[in-house]
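In order, the protein sequences belong to chains C and P. Each residue of the first sequence is one higher than the one before, starting from 1018 at the first, in my numbering. Each residue of the second sequence is one higher than the one before, starting from 1018 at the first, in my numbering.
It cannot be assumed that every hint is accurate.
Copies of the same chain are indistinguishable here, so a pair counts whether it falls within one copy or spans any two.
As the list claims (entries may be wrong) - No more than 25 Å apart at the CA atoms, straight line, and that leaves these computed lysine to any residue pairs for SDA-like:
1. Lys1070 / Thr1134
2. Lys1269 / Trp1104
3. Lys1219 / Gly1343
4. Lys1219 / Trp1104
5. Lys1070 / Arg1370
6. Lys1219 / Ala1342
7. Lys1110 / Pro1164
8. Lys1269 / Arg1406
9. Lys1070 / Pro1144
10. Lys1070 / Gly1131
11. Lys1269 / Gln1097
12. Lys1269 / Gly1083
13. Lys1110 / Gln1097
14. Lys1219 / Lys1369
15. Lys1219 / Arg1448
16. Lys1369 / Arg1406
Hints listed in this document are in silico derivations from the structure and should not be mistaken for laboratory results.
Number of protein chains: 2
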Amino acid sequence: MNPLLLALLLPAAAVQQPQPQQPPSPAAPAATRPRATPAVVRVDPKVAALRDKALADATAYAIVEGLTTEIGPRPDGSPQQARAREWAVAKLKALGFRNVHIEPYVLENVWERGVETAEVVSPYPQPLRLTALGNSAATPPQGLTLPIAYFASFNDLALAPAGSLQGKIAFVSNQMQPTQDGSSYGSSGAARFVGANVAAKKGAAAIVIRSIGTDHGRGPHAGGTNFEPGVTPIPAAALSVADAENLERMVKLGAPVTFHLTLTPRNVGTRQSGNVVAEVPGSDPNAGVVLVGGHLDSWDLGTGAIDDASGVAITTAAAKLVMDAGRPRRTIRVVWFGDEETGGWGGQAYAKRHAGERHATAGESDFGADRVWRFETNLPQGARAIGDRLAAALAPLGIVRGTGAAGDGTDVGPMIRTGVAAIDLNQSGLRYFDWHHTPEDTLDRVDPEQLRQNVAAWTTMLTVVANASEEIGAVVPRP
Amino acid sequence: MNPLLLALLLPAAAVQQPQPQQPPSPAAPAATRPRATPAVVRVDPKVAALRDKALADATAYAIVEGLTTEIGPRPDGSPQQARAREWAVAKLKALGFRNVHIEPYVLENVWERGVETAEVVSPYPQPLRLTALGNSAATPPQGLTLPIAYFASFNDLALAPAGSLQGKIAFVSNQMQPTQDGSSYGSSGAARFVGANVAAKKGAAAIVIRSIGTDHGRGPHAGGTNFEPGVTPIPAAALSVADAENLERMVKLGAPVTFHLTLTPRNVGTRQSGNVVAEVPGSDPNAGVVLVGGHLDSWDLGTGAIDDASGVAITTAAAKLVMDAGRPRRTIRVVWFGDEETGGWGGQAYAKRHAGERHATAGESDFGADRVWRFETNLPQGARAIGDRLAAALAPLGIVRGTGAAGDGTDVGPMIRTGVAAIDLNQSGLRYFDWHHTPEDTLDRVDPEQLRQNVAAWTTMLTVVANASEEIGAVVPRP
Chain C
1018 MNPLLLALLL
1028 PAAAVQQPQP
1038 QQPPSPAAPA
1048 ATRPRATPAV
1058 VRVDPKVAAL
1068 RDKALADATA
1078 YAIVEGLTTE
1088 IGPRPDGSPQ
1098 QARAREWAVA
1108 KLKALGFRNV
1118 HIEPYVLENV
1128 WERGVETAEV
1138 VSPYPQPLRL
1148 TALGNSAATP
1158 PQGLTLPIAY
1168 FASFNDLALA
1178 PAGSLQGKIA
1188 FVSNQMQPTQ
1198 DGSSYGSSGA
1208 ARFVGANVAA
1218 KKGAAAIVIR
1228 SIGTDHGRGP
1238 HAGGTNFEPG
1248 VTPIPAAALS
1258 VADAENLERM
1268 VKLGAPVTFH
1278 LTLTPRNVGT
1288 RQSGNVVAEV
1298 PGSDPNAGVV
1308 LVGGHLDSWD
1318 LGTGAIDDAS
1328 GVAITTAAAK
1338 LVMDAGRPRR
1348 TIRVVWFGDE
1358 ETGGWGGQAY
1368 AKRHAGERHA
1378 TAGESDFGAD
1388 RVWRFETNLP
1398 QGARAIGDRL
1408 AAALAPLGIV
1418 RGTGAAGDGT
1428 DVGPMIRTGV
1438 AAIDLNQSGL
1448 RYFDWHHTPE
1458 DTLDRVDPEQ
1468 LRQNVAAWTT
1478 MLTVVANASE
1488 EIGAVVPRP
Chain P
1018 MNPLLLALLL
1028 PAAAVQQPQP
1038 QQPPSPAAPA
1048 ATRPRATPAV
1058 VRVDPKVAAL
1068 RDKALADATA
1078 YAIVEGLTTE
1088 IGPRPDGSPQ
1098 QARAREWAVA
1108 KLKALGFRNV
1118 HIEPYVLENV
1128 WERGVETAEV
1138 VSPYPQPLRL
1148 TALGNSAATP
1158 PQGLTLPIAY
1168 FASFNDLALA
1178 PAGSLQGKIA
1188 FVSNQMQPTQ
1198 DGSSYGSSGA
1208 ARFVGANVAA
1218 KKGAAAIVIR
1228 SIGTDHGRGP
1238 HAGGTNFEPG
1248 VTPIPAAALS
1258 VADAENLERM
1268 VKLGAPVTFH
1278 LTLTPRNVGT
1288 RQSGNVVAEV
1298 PGSDPNAGVV
1308 LVGGHLDSWD
1318 LGTGAIDDAS
1328 GVAITTAAAK
1338 LVMDAGRPRR
1348 TIRVVWFGDE
1358 ETGGWGGQAY
1368 AKRHAGERHA
1378 TAGESDFGAD
1388 RVWRFETNLP
1398 QGARAIGDRL
1408 AAALAPLGIV
1418 RGTGAAGDGT
1428 DVGPMIRTGV
1438 AAIDLNQSGL
1448 RYFDWHHTPE
1458 DTLDRVDPEQ
1468 LRQNVAAWTT
1478 MLTVVANASE
1488 EIGAVVPRP
């Protein structure tokens, strides 16, 4: 997942905002969602039975295993991603979905990783492990050899005087601690999202950051960075957390540290890409589509198991269980989005193509494979009983009702911003940033039991929402 | 640590066995060591006080931090290892040790890592992570592209018919499970120690093995392999455990798997190397030296924190605590051995240089930084009361008395085989092989509290043994 990227960088007006498709009504007030005494609701035995059947699901793990074994890394704009789309079409058809197809779009400015090496030259010569950030510029082929300018945090970098980084490589080493709701990604992530842009404006020749991660390993965390229009991109890379800690210890010994950095990424231009779409047709074409999915692309260092083969697997397995239980009222549309990692291009292409088509709800799974611990909704007032039914049906899975409003997600975000009601099933983030965007994002990180709990949560949500008799109209999106 | 390597490969006669320095007496019988009712022994209050003081030791961590930060990887025969020797001399002098010096020797056939890349070419193209094994031959610069011949275990490889691996890359994927005493390294390690030799004899063009490790990560486990005289070395590499598991899944899908392997290591000839020696002089020159230490070299992928900066740090910190408490009866000699990883050359050079010099006991720390859970001795009958005193003094550290005989260690092994009594302080191996010989062997893996428990155990052992009034003569080495 890669939230915040555009939001942090682009003025609001620059993000194309499709217009609401129907007059929005206010979401059910937050105060009525978590009650001191929860609404007492009888759980439909069919919902409970399907939820419990999902706890034995084998489809999701098979999809994660297939994508990581038969395809592997799926970087944006790559031949592997194209191969993954074909794999997805075959898999979704084999599972019995209808209307399985690719919705193509063009991906601009595709960035490709090159050589990436680094060494401390003095006073403590040794190699360090790092990876270039997406959109990083290249160093000369022979690399740059320059002194380090150390900043303990992004805040300290932002306070550095103009021009003070001329002839230096900025090194920002802010820590990240695990949080269940993933919120530390937002607060720690600025060093990656905008650190390079800030350093470039202050004259830095390059920037290296401590990986945005909660581990202490040698696998650096990849991810995109972005430069404002008019700012010339500089080479930008993330050191593994262990290497950043080592470099920080060297800095603190007091002598100036000279660093040699070689990065040779390049921009390879335009590539064809696409979203893969599959449906469970509903009986009531006027009731609106229930949109779910994850993203098919991944960063290149791992095999994209937790980010995000798991998300497409969970939502697909859940939709199949609902499909096999009989035709729902609403059409369920499962989308394996393309090119989330470098800017959410798949989600934007979907929103553009499907603008004006009635959607009842939207939600995505893009936070790993660990258990769902909380759900949030942003349903219109007339549909708030759906939230009560969800609370009762999800509770046996250990899922609590949140006190906020739903609306997370890079891929469904563009639809949600048009006023589509949102339902979020929040996964635990306590381990996610140990492996996020690293070589360690492999099948081994997926706990099959927690993956099945996810399938059960999504199956429950889908059967409740797709069959709800209430109308689910447009809402005011959360800010 | 790299035990078994020579023992597995070389006929006994080929290992130079120095002769016993004095007539050996049988070790205290095993049956008397762990008693149903342990011997009741009053712990000398000075021993207890020094042990407990050691639990607050800061020297060991400072040494590990210094070696990993200021030096980094210290591969055998490298300039970094030479730099580490100078660092060691300065550090040992600063700590107050006497007779600090380097004992130089020549290292033959130094092996240097080159390029190492691999990809599955078909049917599931994707890159895999691996590292060349020490003594591996090189592939052609453009690599080899050949089918995989899969073996679930070393045993299966050994059963393959002669000539059956012609034109193939053998892939041996035996699992390793963690054991507290580290014994699974011996049983799982054959695939690395001798797998390449066996595969070469059966005609294989190359071999890749599942790393000898208990993790599921992407960092491959380096280590040496060996070829019999007359067998032409082949390219040999270890896949990370995660990559081996992925390749194994591909194989099990049934279609033939074609692999592309590029390894360009080379033999750079002869280099100067050496052991670093420091002493705590004893008051009785006839009582024999108490020899302790670890090894200064490391594999190149990590920074050698657990293997074996921790070992030199623990034994040095303990010797310093004993030194600072007053002159012991016996001289304590701390050796930071060179070139353990590629064949125990430092230990062999030490034994050759010090042959005939009276040693009372020997023991090394080369199994990480996790807590000591057990001790073993191989003391002569007349000195068995020392074992009883050790049992009583070590018990408050949670250390049990083992039922076997001591004598572990690549570096002190050549001295022990001459009949020097052995004392082993066994560290827990439950996490060690997650990181052993991988990029992940960094400072972050060292738990400071467990490291201090090690220092306390070694301090206790040293003060008891170096001050023991009993004579400690030669013993029959354990088989």
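Each hint tested on the structure:
Taking CA atoms no more than 25 Å apart as the test, Lys1070 paired with Thr1134 passes in neither setting, with 49 Å inside one copy and 44 Å between copies. Taking CA atoms no more than 25 Å apart as the test, Lys1269 paired with Trp1104 passes between copies only; the shortest distance there is 19 Å, against 50 Å inside one copy. In the homo-oligomer, the alpha carbons of Lys1219 and Gly1343 never lie at most 25 Å apart, since the shortest distance is 61 Å inside one protomer and 58 Å across protomers. With identical chains, the CA atoms of Lys1219 and Trp1104 are never at most 25 Å apart, being 46 Å at best within one copy and 38 Å at best between copies.
For the homomeric pair Lys1070 and Arg1370, neither the shortest alpha-carbon distance inside one copy (35 Å) nor that between copies (72 Å) is at most 25 Å. For a Cα distance limit of 25 Å, the shortest separation of Lys1219 from Ala1342 qualifies neither inside one copy, at 60 Å, nor across copies, at 56 Å. For a Cα distance limit of 25 Å, the shortest separation of Lys1110 from Pro1164 qualifies neither inside one copy, at 56 Å, nor across copies, at 32 Å. Within a single copy, Lys1269 and Arg1406 get their C-alpha atoms no closer than 56 Å, and across copies no closer than 44 Å, so neither meets the 25 Å cut-off.
With identical chains, the CA atoms of Lys1070 and Pro1144 are never at most 25 Å apart, being 51 Å at best within one copy and 37 Å at best between copies. In this assembly of identical chains, the alpha carbons of Lys1070 and Gly1131 never lie at most 25 Å apart, being 46 Å within a copy and 52 Å across copies at closest. Proximity of Lys1269 and Gln1097 under a CA criterion of 25 Å is satisfied inter-copy only: 22 Å between copies versus 43 Å inside one chain copy. In the homo-oligomer, the alpha carbons of Lys1269 and Gly1083 lie at most 25 Å apart only across protomers (12 Å), although the nearest pairing inside one protomer, at 46 Å, exceeds that limit.
For a Cα distance limit of 25 Å, the shortest separation of Lys1110 from Gln1097 inside one copy, 20 Å, qualifies, whereas the shortest one across copies, 57 Å, does not. Taking the shortest Cα distances, Lys1219 and Lys1369 never come within 25 Å of each other, neither inside one copy (37 Å) nor across copies (61 Å). With identical chains, the CA atoms of Lys1219 and Arg1448 are never at most 25 Å apart, being 35 Å at best within one copy and 45 Å at best between copies. For a Cα distance limit of 25 Å, the shortest separation of Lys1369 from Arg1406 qualifies neither inside one copy, at 32 Å, nor across copies, at 80 Å.
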